[in-house]
Structure formats: C-alpha cells, structure tokens
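Going down the list, the protein sequences come from chains A and B. First residue of the first sequence: 26, per my numbering; consecutive thereafter. First residue of the second sequence: 1207, per my numbering; consecutive thereafter.
Hints are all accurate, no fakes.
With a straight-line Cα cutoff of 25 Å, these simulated BS3-like cross-link-like pairs (lysine-lysine) come out:
1) A/53 - B/1346
2) A/198 - B/1522
3) A/53 - B/1277
4) B/1263 - B/1277
Hints are computed from structural coordinates only; laboratory data are not their basis.
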Amino acid sequence: MIANLPNYIFFFLAFIAIFFAIMVITAKNPIHSCLYLVLTMFAIAANYVLLNAQFLAIVQMIVYAGAIMVLFLFTVMLLNLNADSEPVKSNLMKFAGVIVGGTLLLLFTAALRKSIGDAEPVMNSIPMQIPNHSNVGLIQNLGWVLFKDYVFPFEAISILILSAMIGAVVLGKKEKVQLSTND
Amino acid sequence: MLVEKLIIISCVIGASLGIAMYSTLLERKLAAWLQDRIGPNRAGPGGMLQPLADGVKLFFKEEFIPANANKFLFIMGPSIAMLLACMGGAVIPWGNTLEIAGRTVSLQIANVNIGVLYMFGVVSLGAYGIMIGGWSSNNKYSLMGAIRAASQIISYELAMGLSLIALIMLNGSMSLNDIVAHQINGHWNVIYQPLGFLIFLVCAFAETNRAPFDLPECETELIGGYHTEYGSMKLGFYLFAEYVNMFISSALMSTLFFGGYDIPFVSLFGLSHNLETILGTVFLFAKIGGFIFLFMWVRWTLPRFRYDQLMNLGWKMLIPLALLNLIITAVVGLLIK
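Please put together the full structure from these sequences, using the hints given.
In structure tokens, the structure reads:
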C-alpha cells in the first residue's frame, strides 16, 4: 500500500491534469479556459515534485502558471471575448483542425513510444555522475548537466529565444509606425 | 516531530495575522502622526482595540454579491489573495535552532533547497487573486484595476528576479537557511549588494501594491480599483492580504539582505545557545518592524506615480540596473576567486 502510494498519487494527478485539460477546450468562456489551464499546469508541477524534480516544478509554477498564464488572462481580459462574439467556424476549418490535431497526437505518441526504450540507458547513466539517485532533479545536478554536457544546445536555445523576442519587438514597432502615418 | 512543526506553523500564521492586524492600527497612527493628527483613540486604551473593532464591523456587514458577477470566482478572488499571503512564511527561517530536552528544533517550517524560488513563485501567483476578483466583479473599473495589477506585477517581477540572481551568485545557495548562515556575524548581504537591495526594495513596494505604486487601487482614476464591488469580510480579506504581504516581504528583505536572525558580534558575549536563538528571533522581528515602518513612511510621504512613469521605471531603469548589478557581481566574484 505504502510502496504503491506514489503510483496512486500519480494516477490522481494525471486524472486532474487530463480532466482540467479537457475543461480548457470545452469551457465556453475564454477566461474560464485560462483558469482551467492554470490548474492543469499545477497538476503537472505536482507530478514533477513526485519525480523529485523540485526545481522543474517551481519553475513550471513561476514561468507557466505565474507569468505566461497571467499574460494570457491579461490579453483575454483586454480583448473582452465573449461566448457569443466567437465567430462560427466553417466545416473546412473544423476538418483542418481535426487533421492538425490528429497529426500532433500521432507525433506525440511516436515520440513517447520511441523514448520508452531510450529513457532506460539515460536513467542508468545518471548514477555515474550523481551518487544519489533521488537527487537527480535537484538544482546542483541540473546545473552540472546543463552547463557541462548540454552547454551547446542550451546556448543555442537561448539565442533562438532571443531572436524570437527581437522579432516580437520589431513586429510591435512596425505597427506603431503605420499607425502614425495613418494619422 | 509533527507536533513541533504544527506548533511552529500555528505560531507563524498567528504572528502573520496578528502583526498584519496591528499594522492596520500602526498605519493609521503613523498617518496621523505624519499629518499632525491624533489618529484612532476611542476603542480601548490609546486605540489599541481598533483592529478588533474593524474586524467585527467587517464581519457583521451584509454579504453582498453583485447581480452580474461570477459568484464562484467572486468568492475565490479574496480567498486566493489571503491563501497566497499566508503561504509565504513557510520557508523563512524565523530563528536558529532551539535545544529542548536534548532535541534540536529548527525555527523554520520547511528548509527547502529552493526557498528563494518558492517565495518568488508565491509572489508571482499573487496576481491571480487580484485578477480573478477584478474580472469576476463585472465592472470596468475593477477590470482596469486588475489589468493594471497584473502588468505591474509581471513588470517588476523581472527586475526582482534579476536582483535575486546576483544575491544567489554571492551566496551560492537558494535555500534561505543557507543564505542566512552565509551572513552570520555581520557579513550582511546589503553591504555587498547595495544596488541589488535598492532594486529589490522598489520591486517589493510594487509587488505588494503599496504607495507610491498602488495604481491598481488608484481612487482618483478607478474609484476603488479591483475591489470596487467588494464589501464586508471579502473586502477585508483583500485589505488584510496586503498587510500580510507587507509583513512577509519585510521578513524576506530582512532575511535576504539584513542577515535574518543574525546579531553581529553576539558570539563575543558567550550566551547560551537557546538564549541566543530567542534574542536572534526578537532581533529579526525588530528588523521586520523597521521595514514595515519604512513601507508606511513612504506611503504617507510620496505621491502616487503616473502609470507610464511606473512602467518606465520598471522596464527602462530597474531592469538595466539589475542587469548591470548582475554583471558586476559576476565579474567581481570571478576576479576574487
């Protein structure tokens, strides 16, 4: 019973995460959707704690639940979307949506199936660097792995994010110039 | 073990609420003093029972929910605000260890190795209480207040986080307990990180929505801001959460920058361990009291910022300064090493 406790907690959290994820797409009100998404994020963060990855869990909470979802809420509130002002989607749009969603599901399933075999050697290689298995997710170990083994991908991703940020700024500026010429 | 933790948890929650309660009286007394008035002096000797009277008044007022408000979220708003305000005290070390009957009792609820990030997470979630309350009231002034609060909290979180990174680099740990241990005997972080402390202080004012950054509840533009539609104890929770937040951020500033429970050179007197711990806790609360006084002093001294000034200060002044502080800390740290 006690040995199985993490399993039960996992199933409980997974149920919550999936339940709220379904609520996100079925809720009529966009603000409610956003709030359900926040709850989904929390359930996922709790799963990270279960895996002993406290740093990931707290970052999930700060970045996704604390910052990104607040921005989402902020935008939705500003746009003042209502259930009745939502445009009716044509059948073609729905069909395209089904295809895109199905392809994404296929991709995720494929990635997951492939990673089941791959995860084992990775998990086995970790104890070579870190003596205590339960400390894998702690911040020191994460730092070692990120800045030693994966320093190039890490830096590449940061440049990618920087370019996206600059792109957003440029796009935002362009609109402003157009507005002033219209005046 | 569990009993010890339960006692400490009830003490911390009780202290947070009690101090927040008397902060409201202190705020009014201080305002009166700064404006050359007397202040509340009717309830009890010198007005000492005023917070109780206020609380009773708020509880006995009519529970009112506006007709077009979203009922569930309308109640959730102040609940979330209060819950998050009380969660902050969990990782702050309120004192060193006590030795009772051969057992060592730590005066900290949870010594997690990511204490700083936990505090940061609690602060960043604080926006939800205000946003949900403001939106569910179905009132444009409330909504404007909520949107202002959200953008303010997000903007100042960045500078706050950057100033914290420099602090973590200096101390080499994210556990608040380790950060205090690193500052023992007067090596307070404020000496090594004066700029970081100033940035953190300004951000703390903005994150707790205190004047001069209290734009979410700017009366002259927004009536009451996000709590315009609130009444009775639901309004009381919003106002109370602000005072609890003020207490927790004062405690955090004392812990991060002013040595926490450390009293410089106390080891020279050769006091017993328990006495030293108790004195340290008293000293920590004195530091917290000093910060609470500063919060109120600033409120009754400085006028409110304009909204664009607030955003300019956050994005164009504090973030570059925090980045500069970060780079200087990194370079000096490397050179000394």
